[in-house]
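Undergrad: Now for the letters of each chain:
There are 2 protein chains.
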Amino acid sequence: MSRVKPLSGFPEWSPAERVVESSIIATLREVFALHGFAEIETRAVEPVARLAGDSEASKEIYALSRLKAEDKPDAALGLHFDLTVPFARYVEEFAPVLAFPFRRYQVQKVWRGERPQEGRYREFYQADIDIVGRDVLPAHLEAEVAIVMARALAALPIPRATMHINNRRLVEGFYRSVGIEDVPGALRSVDKLDKIGSDGVRAELTAKGVSDTATAGVLELAKIHARDASFVNAIEDLWETTFTTGDAEAEKLFADGIAELAALVNAVNAAVPGTAVADLRIARGLDYYTGAVYETVLEGHEDLGSICSGGRYDSLVAGGGFPGVGMSIGVSRLVSRVLSANLASATRAVPSAVLVAVTDEDSRAASDRIADSLRGRGIPAEVAPSAAKFGKQIQHAERRGIPFVWFPDSGEVKDIRSGTQVPADAGTWEPPAGDRWPRTVGASQRG
Amino acid sequence: MSRVKPLSGFPEWSPAERVVESSIIATLREVFALHGFAEIETRAVEPVARLAGDSEASKEIYALSRLKAEDKPDAALGLHFDLTVPFARYVEEFAPVLAFPFRRYQVQKVWRGERPQEGRYREFYQADIDIVGRDVLPAHLEAEVAIVMARALAALPIPRATMHINNRRLVEGFYRSVGIEDVPGALRSVDKLDKIGSDGVRAELTAKGVSDTATAGVLELAKIHARDASFVNAIEDLWETTFTTGDAEAEKLFADGIAELAALVNAVNAAVPGTAVADLRIARGLDYYTGAVYETVLEGHEDLGSICSGGRYDSLVAGGGFPGVGMSIGVSRLVSRVLSANLASATRAVPSAVLVAVTDEDSRAASDRIADSLRGRGIPAEVAPSAAKFGKQIQHAERRGIPFVWFPDSGEVKDIRSGTQVPADAGTWEPPAGDRWPRTVGASQRG
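Protein chains in written order, with the numbering used here: chain L, 1 to 447; chain P, 1 to 447.
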């Protein structure tokens, strides 16, 4: 047999690992659906012209070509690298049949032609929720999206997630008030705080012509964070000691942003206590976002970076008119960590709760009938592949991780973990609830 | 707003249509899992060298390239065009952690760079089941796979499916007995019966040097079909009137094939009455298959061709040692027909069973609490996006297809279809079971 090696950047799971991934996705779906988000799926490809709009991401696009195209080539198509670009196109295309505000969730794979490296995938699952309005979108939906995501994360077998929230209006208002003209440029520098430190950011800002007092103000602002509205006091203290230009429009933006951020952090923490932090350092794609911006960090797994990010935007589509707010979970990276850090595992790799033994090939039909009786009541079952000695059949169940073996002749079922064997009727017997289907069990539940 | 047009060959569904697709896939998953099939997912890409082995399919491979690769190109990768090639590679790669016979199901999209045409997709869902042994695979699993697929199809909102079954050994034994040397070549001609008729097939076989008597026998054999083992008599009658070479090995193959096919058709019909037909015309990829071969036709939708096909093979992997049997459903083609022929539709497009009205923005938190109380008991709910007049909020529910509107002040819930409004407690109220989640309802159930 030829050795087959995995492809770097394209994760795949064993059947037991897939149980974990599958249950994580099912949990996300359920939380999203309970909150009224409808599921959509989009095709895997978009015209490259549509994908390539974002210059940063375009380097990573996988373009398609037909291997042996004899006729004219396809319109240039590429694989989507996120779920936002296809969602925007979907909303335009399906707008006539959608009721706005449209609440959608989407769990699909995306592809990025990155250099493979630790924790960077070329194919991975994302799970997105967005609420998109027609022309208007009430601010309370910025809280709702964060709350739904916080609840979804809380339902997973992972440590506590903290959502770091900032507000684009607050930041832009402050930056403009201290005299910064190229706000996006300054933000791109501040976004590197983790990488290059405050000295590095200071040097960059100075090189971009930002004054020393403005730079000092910007760096102080980025230090402010709090689990409640108390960040407002810190901002006010900073404001009093900072030189400002007196730009009234910028100051209004700043004040509105503060009020929005305070209300948002309070609303999220009221619904899911201890989740939200106002963090004035979050700069995430503020070019695109126009209100709240979110990043989410997993306690003890900060090296993963943000596991769930997003924000509020003025319009999903280029022509305007579809304001929205959305967040996206990097599911595969999360699943990979759950598995590698042993945060959770599957109770078994196969669906079957019961292996029905076969006494001899002539009576296989009797074993089939028992299995069908169990299946008819929603108990997954399989019949032994061969009428080997019972010891061998029990071994087969053990190898596959099946907890119960049914003996048709004696009409008994054996829990092969404890060895307990009891008489049973295939028309009424029930496995313990926890044994019916494979489950994903968190490390804490395993004791 | 720019007009966005669908991409030919890449189907997408509205949220209501996605409910139908999603429920069809969920039904398949459940039937497969109840029969002990474990789910796996494979990456979307394989090395082109692995994909291109099948010369017929290689024309349709979508190859990937990084749009702006500045460094060396990726190893030549292509999108998988079926789920068999990646499954074979997966079994090789994961063999050490799999327990054989390994029963797996897989529901994923596949891509084929075909010319777009009616009913041909370039991206579509397939749902596959296979049972793969290590070195050995008992014959009764050929019946099991067919039975599981027949049950899965019977659980869908589609007309009756008939499974046409043939046996490779029977056909090869007969062809060799009548003196045909190039059996695969003859089969390729017989496979065109529908397209070119018996005169066309006769001409092709003659051109390939097959004798007139052998050709006549082959064409007669292809006419034989029966819903039970009575096909055996027809074959015996044919045998008696056909000149044979007396090749003992071929005759044993022939006799074994007849016995296997008779047992298989009987077993499938015993489990799912009226499903199986022995049909000696089925030629489907007999190069690859070595035992049973299956095709499935939907009553009244014969133009779809085979909706579920497969067979028994000697080894999944090139090196040998992994005999198996599998079948594959073309899910997207089926879903497309279900939708276009209005065989089934969704009861609503959004998950929410309840829209909680908002009296005024100051009391939004009270509406949120009611929604949370419902969600906590598994009832999907959403809160009205704005505190408009109740009439407008009811209109919003109507547009979204939400059956119930909850009024927090009066503590009443209204079924907006009937207009019935009753007092209710969010901690105990239950919607009718059929209203809790969106459901897919067959045409017959809609009355």
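I should point out that these hints are in silico values taken from the structure, not numbers from a laboratory. Note that CB positions come from ideal geometry on N, CA and C, so glycine has one too. Honestly, I wouldn't trust all of these hints.
Residues from chain P that face chain L, not an exhaustive set, calculated with beta carbons under 8 Å [as the list claims (entries may be wrong)]:
| no. | residue |
| --- | --- |
| 1 | Glu-92 |
| 2 | Val-232 |
| 3 | Glu-236 |
| 4 | Pro-351 |
Derived pair list, reagent style DSSO-like, types lysine-lysine, alpha-carbon separation capped at 30 Å [stated by the list, open to error]:
| no. | chain 1 | residue 1 | chain 2 | residue 2 |
| --- | --- | --- | --- | --- |
| 5 | P | Lys-109 | P | Lys-195 |
| 6 | P | Lys-109 | P | Lys-59 |
| 7 | L | Lys-5 | P | Lys-59 |
| 8 | P | Lys-59 | L | Lys-109 |
| 9 | L | Lys-5 | P | Lys-109 |
| 10 | P | Lys-59 | P | Lys-192 |
| 11 | L | Lys-109 | P | Lys-192 |
| 12 | L | Lys-252 | L | Lys-192 |
| 13 | P | Lys-5 | L | Lys-59 |
| 14 | P | Lys-252 | L | Lys-59 |
| 15 | L | Lys-192 | L | Lys-208 |
| 16 | P | Lys-192 | P | Lys-252 |
| 17 | L | Lys-59 | L | Lys-252 |
| 18 | P | Lys-195 | P | Lys-223 |
| 19 | L | Lys-109 | P | Lys-223 |
| 20 | P | Lys-252 | P | Lys-208 |
| 21 | L | Lys-208 | L | Lys-59 |
| 22 | L | Lys-195 | L | Lys-223 |
| 23 | P | Lys-208 | P | Lys-195 |
| 24 | L | Lys-223 | L | Lys-192 |
| 25 | P | Lys-192 | L | Lys-59 |
| 26 | L | Lys-109 | L | Lys-59 |
| 27 | P | Lys-59 | P | Lys-195 |
| 28 | L | Lys-195 | L | Lys-208 |
Sample of chain P residues lacking proximity to chain L, with all beta carbon distances greater than 12 Å (derived) [as the list claims (entries may be wrong)]:
| no. | residue |
| --- | --- |
| 29 | Ala-33 |
| 30 | Thr-162 |
| 31 | Val-183 |
| 32 | Asp-212 |
| 33 | Asp-237 |
| 34 | Leu-238 |
| 35 | Trp-239 |
| 36 | Thr-245 |
| 37 | Ala-341 |
| 38 | Ser-352 |
| 39 | Val-354 |
| 40 | Gly-434 |
Undergrad: Please go over all the hints and tell whether each is borne out by the structure.
TA: To see whether the hints hold, each was checked on the structure:
A least Cβ separation of about 5 Å between Glu-92 (chain P) and chain L falls short of the 8 Å threshold, and the interface hint therefore holds. Contact between Val-232 (chain P) and chain L, as hinted, is not supported at the beta carbon level, the nearest pair being about 21 Å apart and thus beyond 8 Å. The restraint placing Glu-236 (chain P) at the interface with chain L is violated, with a minimum CB-CB distance near 26 Å, outside the 8 Å limit. With 8 Å as the threshold, the beta carbon of Pro-351 (chain P) comes within range of chain L, its nearest partner Cβ sitting at about 4 Å, so the hint holds.
Among the hinted pairs, Lys-109 (chain P) with Lys-195 (chain P) is consistent with the structure: their alpha-carbon atoms are about 29 Å apart, no more than 30 Å. Between Lys-109 (chain P) and Lys-59 (chain P), the direct Cα distance comes to roughly 18 Å. Compliance with the 30 Å bound is thereby established for this hinted pair. A hinted pair counts as satisfied when its Cα atoms are at most 30 Å apart, and Lys-5 (chain L) with Lys-59 (chain P) qualifies at roughly 26 Å. Restraint check: the Cα-Cα separation between Lys-59 (chain P) and Lys-109 (chain L) comes to about 25 Å, which is no more than 30 Å; the hinted pair holds.
For the hint linking Lys-5 (chain L) to Lys-109 (chain P), the alpha-carbon distance of about 23 Å falls within 30 Å, and the restraint holds. Simply put, Lys-59 (chain P) and Lys-192 (chain P) have alpha-carbon atoms about 20 Å apart, close enough for the 30 Å limit, and the pair holds. Taken as a hint, the Lys-109 (chain L) and Lys-192 (chain P) pair is broken in the structure, with Cα atoms around 39 Å apart against an allowance of 30 Å. Among the hinted pairs, Lys-252 (chain L) with Lys-192 (chain L) is consistent with the structure: their alpha-carbon atoms are about 27 Å apart, no more than 30 Å.
A hinted pair counts as satisfied when its Cα atoms are at most 30 Å apart, and Lys-5 (chain P) with Lys-59 (chain L) qualifies at roughly 26 Å. For the hint linking Lys-252 (chain P) to Lys-59 (chain L), the alpha-carbon distance of about 61 Å lies beyond 30 Å, and the restraint is violated. Taken as a hint, the Lys-192 (chain L) and Lys-208 (chain L) pair is honoured in the structure, with Cα atoms around 15 Å apart against an allowance of 30 Å. Simply put, Lys-192 (chain P) and Lys-252 (chain P) have alpha-carbon atoms about 27 Å apart, close enough for the 30 Å limit, and the pair holds.
For the proposed pair Lys-59 (chain L) and Lys-252 (chain L), the alpha carbon gap of about 38 Å is over 30 Å, so the pair is violated. Pair hint Lys-195 (chain P) plus Lys-223 (chain P) holds up; C-alpha atoms about 15 Å apart against a cutoff of 30 Å. For the given pair, Lys-109 (chain L) sits about 46 Å from Lys-223 (chain P) by alpha-carbon distance, which is inconsistent with the 30 Å threshold. This hinted pair checks out: Lys-252 (chain P) and Lys-208 (chain P) have alpha carbons roughly 26 Å apart, not beyond 30 Å.
Between Lys-208 (chain L) and Lys-59 (chain L) the alpha-carbon distance is near 26 Å, which keeps this suggested pair within the 30 Å criterion. Taken as a hint, the Lys-195 (chain L) and Lys-223 (chain L) pair is honoured in the structure, with Cα atoms around 15 Å apart against an allowance of 30 Å. Of the pairs offered as hints, the one joining Lys-208 (chain P) and Lys-195 (chain P) holds, with about 18 Å between alpha carbons and a cut-off of 30 Å not exceeded. For a cut-off of 30 Å, the pair hint linking Lys-223 (chain L) to Lys-192 (chain L) stands: about 14 Å separates their Cα positions.
Distance hint between Lys-192 (chain P) and Lys-59 (chain L) is unfulfilled; the C-alpha atoms sit about 47 Å from each other, more than 30 Å. Pair hint Lys-109 (chain L) plus Lys-59 (chain L) holds up; C-alpha atoms about 18 Å apart against a cutoff of 30 Å. Restraint check: the Cα-Cα separation between Lys-59 (chain P) and Lys-195 (chain P) comes to about 22 Å, which is no more than 30 Å; the hinted pair holds. For the hint linking Lys-195 (chain L) to Lys-208 (chain L), the alpha-carbon distance of about 18 Å falls within 30 Å, and the restraint holds.
A Cβ of chain L approaches the Cβ of Ala-33 (chain P) within 12 Å, the least distance being about 4 Å, so the stated non-interface status is violated. The non-interface label for Thr-162 (chain P) is consistent with chain L: the shortest C-beta to C-beta separation is roughly 21 Å, beyond 12 Å. Every Cβ of chain L is farther than 12 Å from the Cβ of Val-183 (chain P); the closest lies at roughly 28 Å, confirming the non-interface assignment. The claim that Asp-212 (chain P) is not at the interface with chain L holds, since no C-beta of that chain comes within 12 Å of its own (minimum 38 Å).
At roughly 31 Å, the least C-beta separation between Asp-237 (chain P) and chain L is larger than 12 Å, which holds for a residue marked as non-interface. A cut-off of 12 Å between C-beta atoms confirms that Leu-238 (chain P) is not in contact with chain L; the least separation is 31 Å. Residue placement check: Trp-239 (chain P) keeps its beta carbon more than 12 Å from all beta carbons of chain L (closest about 29 Å). With a least CB separation of 35 Å from chain L, Thr-245 (chain P) remains clear of the 12 Å interface cut-off, as annotated.
Every CB of chain L lies more than 12 Å from the CB of Ala-341 (chain P), the least distance being 19 Å, so the non-interface label holds. Its beta-carbon lying about 4 Å from the closest one in chain L, Ser-352 (chain P) breaks the requirement of being farther than 12 Å from that chain. Against the 12 Å criterion, Val-354 (chain P) falls within the reach of chain L, whose nearest CB is about 9 Å from its own CB. No Cβ of chain L approaches the Cβ of Gly-434 (chain P) within 12 Å, the least distance being about 17 Å, so the stated non-interface status holds.
This entry does not satisfy hints 2, 3, 11, 14, 17, 19, 25, 29, 38, 39, going by the numbered hints stated previously.
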